[in-house]
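**Q** Sequences listed follow chains V and A, in order. Numbering-wise, the first sequence is residues 846 to 1381 according to this note's numbering. Numbering-wise, the second sequence is residues 120 to 309 according to this note's numbering.
Simulated from the structure, these hints should not be mistaken for lab results. Keep in mind the model is a prediction, meaning the values are calculated, not measured. Note that beta-carbon positions come from the ideal geometry of N, C-alpha and C, so glycine has one too. Take these hints with a grain of salt, some might be off.
What the hints assert, rightly or not - Partial list, derived from the structure: chain A residues whose beta carbon lies under 7 Å from chain V:
hint: 1; residue: 164
hint: 2; residue: 175
hint: 3; residue: 177
hint: 4; residue: 179
hint: 5; residue: 181
hint: 6; residue: 184
hint: 7; residue: 206
hint: 8; residue: 209
hint: 9; residue: 305
Unchecked claim - Straight-line C-alpha distance at most 27 Å; calculated DSS-like pairs for lysine-lysine:
hint: 10; chain 1: V; residue 1: 1340; chain 2: V; residue 2: 1212
hint: 11; chain 1: V; residue 1: 1372; chain 2: A; residue 2: 306
hint: 12; chain 1: A; residue 1: 283; chain 2: V; residue 2: 1372
hint: 13; chain 1: V; residue 1: 1032; chain 2: V; residue 2: 1048
hint: 14; chain 1: V; residue 1: 1032; chain 2: V; residue 2: 1018
hint: 15; chain 1: V; residue 1: 1068; chain 2: V; residue 2: 1018
hint: 16; chain 1: A; residue 1: 283; chain 2: V; residue 2: 1018
hint: 17; chain 1: A; residue 1: 306; chain 2: V; residue 2: 1367
hint: 18; chain 1: A; residue 1: 306; chain 2: A; residue 2: 283
hint: 19; chain 1: V; residue 1: 1371; chain 2: A; residue 2: 306
hint: 20; chain 1: V; residue 1: 1068; chain 2: V; residue 2: 1118
hint: 21; chain 1: A; residue 1: 289; chain 2: V; residue 2: 1372
hint: 22; chain 1: A; residue 1: 306; chain 2: V; residue 2: 1018
Stated by the list, open to error - Computed footprint of chain V on chain A; a stretch qualifies when at least three of its residues, placed anywhere within it, have a C-beta under 8 Å from a C-beta of chain V:
hint: 23; stretch: 145 to 157
hint: 24; stretch: 246 to 255
hint: 25; stretch: 258 to 268
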Amino acid sequence: MAQRILLGDEAVGLGAIHAGVSSAYAYPGTPSTEILEFVIDHAERHGAPHAAWCANEKTAYEEALGTCFAGRRALVCMKHVGLNVAADPFMNSALVAIHGGLVVAVADDPGMHSSQNEQDTRWFADFAHVPCFEPASQQEAYDMTREAYEVSERFAVPVVMRLVTRLSHSRTKVELGEPREPNAIRKAPVAATWVLLPGNARKQWKELLARQGAIEACMAESKWNTLHLNPSRRDLGVITTGVARNYFRENLDDLGWTPSHLHIGAYPIPVEKIRELAAHCEKILVLEDGYPYVERLMRGVLPGTTTILGRTSGELPPTGELDPEVVRTALGLPTRPSVSLEGLILPNRPPQLCQGCPHGHAYSAIKEALAGYPQTMVTADIGCYTLGALPPYSAIESCVCMGASIGMAKGAAEAGFAPVVAVIGDGTFLHSGIAPLIDAAAANANMTVMILDNQATAMTGVQDPLVPSSRLHDIVLGTGVDPEHVIIVDAHPRKVHENAERLRKEFDHAGLSVVIAVRECKVAAKKRSRLAEAVV
Amino acid sequence: MRYDIVLSGVGGQGVLSMAGLIGRAAVASGLIAKQSEVHGMAQRGGAVQAHLRLSDVPIESDLIPRGGADLILSLEPVEALRYLPWLSPTGTLVTSANAFVNIPDYPPTERILDRVRALPHAIVVEAERIAEESGDLLAVNTVMVGAASHLLPLDPVSLEDAVKSTFARKGERTLAANLTAFAAGRKAAS
C-alpha cells in the first residue's frame, strides 16, 4: 500500500483528491492554508482537480456549491472564523439536495495561535444540522475525508471536517487507498430542491429534519465512535473527542489503569453510547480540544445522576488548547519532573514584522502624519500588518474581523471623531473591504482609508493576490470615491517624510480619501525571484 | 524505543529544516516520526518550536509532554532555555552559542550561556563559526544536527544521507559545505 508523510491539512487535501473531487476552493487562513496549497501543488503536477484561491470564504463556498450543482464532488477549506464569512451559503446549503458530494474542511485554532477567537466549528455543524467528522490523527484525516464524501452524497448534505491546529500542522506517515474516479457531470435532477423560495425552503427544511434520525444513526454507529468499558472499575469514565484521545492515551502508562473510554470522531454525538458509559460510571471526564461541546450537551439543565467533569466544572481550564499536561492534571496525575527554570526570567519574543517590511515604512508615515492632532484613531485589519499594534510601531488600535477597519472608521467618523484612519492590506481589502468602502463613498465619510498593497497574502505563506496592484486603483474609483482623493504612494523607507505630508493633506480633507501605499512584500519578492530562477 | 526532541529557535532561523533533516533520517531508518510545527503569525521573527517524536511503536500525542523530552536542540540560547520545562531530568540540551537579538530586553549573552553550561547535560556549539568555516553561513542547522548526532537514536550515516538528499539539488558547493558542516558539528560535540 502506498504511504506518504503528510501534515494533517495535507491528509485532508489528498483524501479529497482520492475521493474524486473535481474542484477545490479556499481563502487562506492559518491553520487551514496547507489543505488547498497541497491540492494546488497536486493539480499543477497532474492537471487535476481544479484548485483555486478565492476572494473570500463565502465566494469559495459558493463556487464549491456550483460544482456540486453540476453533480461533481467539491472541497472548500477555511479557518474557523472563515466559516463566519461563509455562514450564509453554509447554513442554506444544508437545505438543498446535494448530489455531488461537498466537504467543508474547517481548521479551528484552540489556544488562538494565529486567530482572534477560538470558536468551535462543531457548534456550527450542529446549527446547520449537518454531519461532522473530527479526526484524531493524520491517517483519520485522510480516511474520514474520503468517507465524508460518501456520507454527503448518501444524505444529500454538506459534511464538515473539523480540524484543530495541532493536527493541521503535524506531519507523519499516512497509508493511502485507491483513488476513486471523479463523478460525471450531472445537473441537479430536481431544480426545485435548489430554489430556496419560501415554499420550497419549508419543504426542504422539513426533509432535512426528517433525515436527521438516519444521519444520527449512521454517525452514532460509525467506526470512529468507539466505546470500551472497564468491567472492574466503575468510578471514572472518560470521553475524548478528536486529538484529546492522543493526550489521554499519552498519560495512561502513568495512570496505571485504563478507565472506561468513549471516543467520539463522528457527529451528531452517539447518544446511546454516552448513556451506556454513564450507566457504567459514577463520574465522566470529558476531554475536548475546543469548546465544551459534548460536555454541555451532556449536562443540559436538569439534574442527572452522573457527575460530569470538564471545562465548565474546572477540571480543565475554560479556555485554551489541550495538551498532554492539561489532560494529565485533569486525570489527577502530578506534573512529571523536568529540568528547573528556577530564578530564570526569559524575555518574551513576540512575532514581528520582517526587517525592512514595507508595512513598517507605511506605519512610520502614518505616525508622523498623525503627530500633533489632539486626538487620533487608527482602525486596522487582519494580516501581517496587525503586528503594527505591537512596539516599536504601536501604530494601530483595532483588529476585529476581516474588513472591519473600514466600516468601523466610518462609524467613528459619523459619531464625530476626527481624524480617523482605516488601515487594510490588499488581500483583506479584496476579501471584505470593498463593500464597506461603497458605504463610506456613498456617505463621503470624513475618513482616510490606507490600503497597504504589498501584492501578497503574506501572513499565510505568501499567496498571490487575485488582482494585481494596478487594478486596485480602478476598484477603488469604481466604488465612487472622489478621484481627486484617491492617491497612490510608494511605501519606500526614503519616502516616509514625503508620504506623511501627503497623508496629512488627506487627513485634513473633510471627506473620504483612499491612499494606496504600494511596495512588494520582501518575502514574496524573494519567493518570486526563486521561482523565476527555477523556471530559467 | 522512544526519543522525543524539542527543536527551537527564532522564526526564519530554520527550525523546521533542522527537524526535517532528522525526521527524514528517522523515516529512512524505519522509525515512526511525528513532527508538530508552528505556522502562520507565530512564525514571524518570534519564538518558534517544533516537536519531533521518534519511535518504533505508534505515537499518540503530536505534542511532547512536559518533562518528557530527551533532547532540546536549539539554534539560539534563550530559545533553548525557554523549553526547559519540557526537558526530562536525564535529557540533554544542545544549543548554538550565538544569540539572536531582535528584542530590546535581551539579557547579556554570557549570563544565558553560563546558565546553559550549569545544566546537568548541556552542549554549547559555536555553530555560526563552524558553519562559516565549512563554507556556508546558512549551514548552521546542519552543524547543529551534526552536534546532536551522538545523542540521536540514529546511525550517523542515515543523517548524512538525509543531508545529501536534502542539499543535492542545491548545487555541489552547498552540498559539500553541508556535509563538512555536519562532520564539523559532530566533531565539536564529541
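**Q** Using the nearest Cβ pair, does residue 206 (chain A) come within less than 7 Å of chain V?
**A** This hint holds: residue 206 (chain A) lies near chain V, its Cβ roughly 4 Å from the closest one there, short of 7 Å.
**Q** Does residue 1340 (chain V) pair with residue 1212 (chain V) here, judged by a C-alpha cut-off of 27 Å?
**A** Distance ~14 Å between residue 1340 (chain V) and residue 1212 (chain V) Cα, so the pair holds.
**Q** Establish whether the coverage given for the stretch 258 to 268 of chain A by chain V is satisfied; the threshold is a Cβ-Cβ distance below 8 Å, and no fewer than three residues must meet it.
**A** violated (count 0)
**Q** Are residue 164 (chain A) and chain V close enough, Cβ to Cβ, to be under 7 Å, as the hint says?
**A** 4 Å, holds
**Q** Has the given pair, residue 306 (chain A) with residue 1367 (chain V), been kept, meaning a C-alpha gap of at most 27 Å?
**A** 37 Å, violated
**Q** A closest beta-carbon separation below 7 Å is what the hint needs, so does residue 175 (chain A) meet it against chain V?
**A** For residue 175 (chain A), the interface hint is violated, since the closest Cβ of chain V sits about 13 Å away, which is over 7 Å.
**Q** For residue 1032 (chain V) and residue 1048 (chain V), compute the direct alpha-carbon distance and say whether it is at most 27 Å.
**A** 21 Å, holds
**Q** Are the Cα positions of residue 1372 (chain V) and residue 306 (chain A) separated by 27 Å at most?
**A** 35 Å, violated
**Q** Quickly compare the C-alpha distance for residue 306 (chain A) and residue 283 (chain A) to 27 Å and report which way the hint goes.
**A** Satisfied, since the Cα-Cα distance of roughly 18 Å is no more than 27 Å.
**Q** Can you verify the interface hint for residue 179 (chain A): is its Cβ closer than 7 Å to any Cβ in chain V?
**A** 4 Å, holds
**Q** Can you verify the interface hint for residue 305 (chain A): is its Cβ closer than 7 Å to any Cβ in chain V?
**A** 24 Å, violated
**Q** Quick one, are residue 289 (chain A) and residue 1372 (chain V) close enough, alpha carbons at most 27 Å?
**A** Judged against 27 Å, a Cα distance of about 16 Å means the pair holds.
Of the numbered hints listed earlier, those contradicted by the structure are 2, 3, 8, 9, 11, 14, 17, 19, 22, 24 and 25.
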